[in-house]
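Sequence positions in the sequence shown follow the numbering used here and run 1 to 85.
Everything hinted at is true.
Derived Cβ-Cβ restraints for the label pairs, each shown as a range:
no.: 1; residue 1: Glu14; residue 2: Leu43; range: 17 to 25 Å
no.: 2; residue 1: Trp15; residue 2: Ile39; range: 13 to 21 Å
no.: 3; residue 1: Glu14; residue 2: Arg42; range: 12 to 20 Å
no.: 4; residue 1: Ser46; residue 2: Lys4; range: 26 to 34 Å
no.: 5; residue 1: Lys4; residue 2: Gly28; range: 15 to 23 Å
no.: 6; residue 1: Ser46; residue 2: His5; range: 28 to 36 Å
no.: 7; residue 1: Ser46; residue 2: Asn13; range: 15 to 23 Å
no.: 8; residue 1: His5; residue 2: Ala36; range: 12 to 20 Å
no.: 9; residue 1: Ala18; residue 2: Ser46; range: 27 to 35 Å
no.: 10; residue 1: Ala36; residue 2: Lys4; range: 16 to 24 Å
These aren't lab readings, by the way, just hints derived from the structure by calculation. The beta carbon of each residue, even a glycine, is placed where N, CA and C say it ideally should be.
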Amino acid sequence: MRNKHPGICYRCNEWCPAGDGHFERSRGGWRVQHAACAISHRLFPSLTATPAVSVNAAAPEAASPASINTPASGAGAAAGIGSEL
Numbered sequence: 001m002r003n004k005h006p007g008i009c010y011r012c013n014e015w016c017p018a019g020d021g022h023f024e025r026s027r028g029g030w031r032v033q034h035a036a037c038a039i040s041h042r043l044f045p046s047l048t049a050t051p052a053v054s055v056n057a058a059a060p061e062a063a064s065p066a067s068i069n070t071p072a073s074g075a076g077a078a079a080g081i082g083s084e085l
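Please take these sequences and the hints and turn them into a complete structure.
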């Protein structure tokens, strides 16, 4: 059945608006998937495995090369503390 409420598609982890996908009961709750994700999973189940980690999860900020090579400053710098990487 089509989803009456919007949610995150459990196959692609993208937003699925109301009426744009299907819902199903899972572990005492409900989950939503896009209609296109349901069809592609039926055609190619090995290519559309549910990811273990959310694709939309915010990636941690990468340290810039400048911050890695910048010498330590402050009271610890005078004592030589923190200069080793």
